[in-house]
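Using the sequences plus the hints, can you model the full thing?
If you want our numbering, it's the position in the sequence shown, counting the first as 1, plus 79.
If you are wondering where the hints come from, they were derived from the structure by calculation, not from laboratory data. Keep in mind the model is a prediction, meaning the values are calculated, not measured. One thing to keep in mind: the hints can contain errors.
Said to hold, decoys possible - Restraint ranges, calculated between C-beta atoms of paired labels, are given here:
1) Glu147 - Arg338: 41 to 51 Å
2) Gly306 - Arg165: 37 to 47 Å
3) Arg335 - Thr116: 22 to 32 Å
4) Arg362 - Pro202: 19 to 29 Å
5) Glu115 - Asp223: 15 to 25 Å
6) Gly136 - Gly200: 28 to 38 Å
7) Glu253 - Ala225: 24 to 34 Å
8) Arg238 - Ala183: 15 to 25 Å
9) Glu115 - Ala341: 44 to 54 Å
Where a beta carbon is used, it is the ideal one built from N, C-alpha and C, also for glycine.
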Amino acid sequence: MTYRDLRYLRVDVEDLDAAHAFAAGVFALMPMDRDETRALFRSDARNYALCCARGEGQAVALTVARPEDLDALADRLAAYGHPATRLSPEACAARQVKQALAVAAPNGVTVELVWRPLTSGWPYHGGRDAGISDFAAVSLCCRDIAANEAFWVKGLGLRISDYAGDAVFLALDEAHHRIALYPSDRDGILGASWEVATRDHIMRNWYHFQKLQLPVVAGPGRQPTSGASFVTTRGPGGILFSYIHGMEKGPQIEARGPRQFADTARSHCAWGSSSTQPEFQGRIEG
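In structure tokens form, the structure reads like this:
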């Protein structure tokens, strides 16, 4: 299956004003369309990468290359016991796409498979120079990691890049991963990452979080699996928001096959930065 990109994340929030203040004012995403129930934010050429919405549930979207890919995915998902639903023209218009399928992952997050999503014709610019250049990855919490791995690999056709303990890193293009699955005592969306231009931006944004007295949930650090340096805080809906830089990309990732990293905190941060997030602590000390 050919995917073009990881397209957008939809986060369920109670307070749209607070979500807007964080996404635009703190994280420096660019505000786009907003109504009474949803607010959209840009980070690159996509017309939006983040949707904060009330009462619409959590979702992550992948872009397919051709409309017939949606039919092929519907058949493939049904064969593995995951029936997909075609979204109505009205639902597609709200998502700014031409056609779409929706399917529930085992952890309860909706996966939306979209064709011809809207791309912006003007440059992204945030409220400050955070260095954002791309929407990079989404992390998911999974009570049943095996069922979710099977859904993403067998049902959707993503490739496994690496394991860290039982955490699974999944690729859909030449980036090390676009989806990461973490064993957890809960289900849902854990977090999302945005690529920044330089490692210096990681440190600048770390200082920015400290200045605003925001919790630094993880980092500054470097992920041994992907090679990305990162810093993470908590945003709307309890979702983790990360800036990352230097994620490994290239055909060598698929060629070498998945590696197994130990189930320790060091497999989530090579620099040894402590994290308050259980999913990043590993189950083995060392």
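Evaluation of the provided hints:
Look at Glu147 against Arg338: about 34 Å separates their beta carbons, and that is not inside 41 to 51 Å. Distance hint check for Gly306 and Arg165: the Cβ-Cβ separation is about 39 Å, which falls inside the suggested range of 37 to 47 Å. Arg335 and Thr116 have their C-beta atoms about 45 Å apart, which leaves the hinted 22 to 32 Å range violated. For Arg362 and Pro202, the hinted distance range of 19 to 29 Å is not satisfied, since their beta carbons lie about 44 Å from each other.
Range check, Glu115 to Asp223: Cβ separation about 36 Å, and the 15 to 25 Å hint is violated. With their beta carbons about 30 Å apart, Gly136 and Gly200 fall inside the hinted range of 28 to 38 Å. For the pair Glu253 and Ala225, the supplied restraint of 24 to 34 Å holds, since their beta-carbon distance comes to about 27 Å. Against the hinted window of 15 to 25 Å, the Cβ-Cβ separation of Arg238 and Ala183 comes to about 22 Å, which satisfies the hint.
The given range of 44 to 54 Å is respected by Glu115 and Ala341, whose C-beta atoms sit roughly 48 Å from each other.
Hints 1, 3, 4 and 5 from the earlier list are contradicted by this structure; the remaining hints agree with it.
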